[in-house]
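Chemist: Listed below are the residues making up each chain.
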Amino acid sequence: GAGVSQSPSNKVTEKGKDVELRCDPISGHTALYWYRQSLGQGLEFLIYFQGNSAPDKSGLPSDRFSAERTGGSVSTLTIQRTQQEDSAVYLCASSLGGSGGYEQYFGPGTRLTVT
Amino acid sequence: GENVEQHPSTLSVQEGDSAVIKCTYSDSASNYFPWYKQELGKRPQLIIDIRSNVGEKKDQRIAVTLNKTAKHFSLHITETQPEDSAVYFCAAENYGGSQGNLIFGKGTKLSVKP
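Line by line, the protein sequences give chains S and R. Following the working numbering from start to finish, the first sequence increments by one per residue and tops out at 115. Following the working numbering from start to finish, the second sequence increments by one per residue and tops out at 229.
These are computed hints drawn from the structure, not numbers from a lab. A couple of the hints might just be wrong.
Claimed, not checked - Here are the computed distance ranges between Cβ atoms for each label pair:
id	chain 1	residue 1	chain 2	residue 2	range
1	R	Val135	S	Val74	27 to 35 Å
2	S	Gly51	R	Leu155	47 to 55 Å
3	S	Thr13	R	Ala185	39 to 47 Å
4	R	Asn182	S	Thr70	37 to 45 Å
5	R	Asp174	S	Gly28	22 to 30 Å
Since the structure is predicted, the reported quantities are computational estimates derived from the model, not experimental observations. Note that CB positions come from ideal geometry on N, CA and C, so glycine has one too.
Excised from the complex, chain S in its bound form:
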């Protein structure tokens, strides 16, 4: 079946502009996660959605970052007034459940470059 998809695959934007990154999880997966991976670095947790529960936003680095998940499926990560330090690969993952030790399936990522 189809895996997790993300769009766009690459995004170049000017400093100060807003960007929207999209994630389509695997059908039937109730949990969705966003991570940020800077060049050669680890996976930084950003936000986690589980079903209809309030999202865990504890990893968002600033109030310029926000995310929503409509209809329990597609999610959009929005970065307002982008800064150069926002340049990274943004990875989305989904799993069958939230907490409970379920495998997370990752999307291919969106490479964001802020000039």
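Using the hints, position chain R against chain S.
Modeler: Just chain R now, with coordinates in the frame of chain S:
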């Protein structure tokens, strides 16, 4: 909250040798510990995981051990092959806690020389 430390950050071995990557975690309530492999330019993929009621788990050339008392877990790869070259991430989850999300280590870049 949970903190996961991983070492070494880089590891180079000869083909056929074993490789060991170690992680420590801070939250004694954590009970799920997966390992992900990320090949260059690709997405991370789960290779093995272990839960807190088990001390060791094996899958062919890969094994993971868990010491809950010491709060550390390790990935062991035997008979390494060039295709094992990748970045490996450990992670911990407290799925009984308030977060319920994975906290990842910073990764280990493994190079297997033919």
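Chemist: Next step is simple, just say for each hint if it's right about the structure.
Modeler: Evaluated hints:
{"no.": "1", "hint": "R:Val135 x S:Val74: 27 to 35 Å", "verdict": "violated (41 Å)"}
{"no.": "2", "hint": "S:Gly51 x R:Leu155: 47 to 55 Å", "verdict": "violated (35 Å)"}
{"no.": "3", "hint": "S:Thr13 x R:Ala185: 39 to 47 Å", "verdict": "holds (46 Å)"}
{"no.": "4", "hint": "R:Asn182 x S:Thr70: 37 to 45 Å", "verdict": "holds (43 Å)"}
{"no.": "5", "hint": "R:Asp174 x S:Gly28: 22 to 30 Å", "verdict": "holds (25 Å)"}
Hint check: violations occur at hints 1 and 2; the rest are consistent with the structure.
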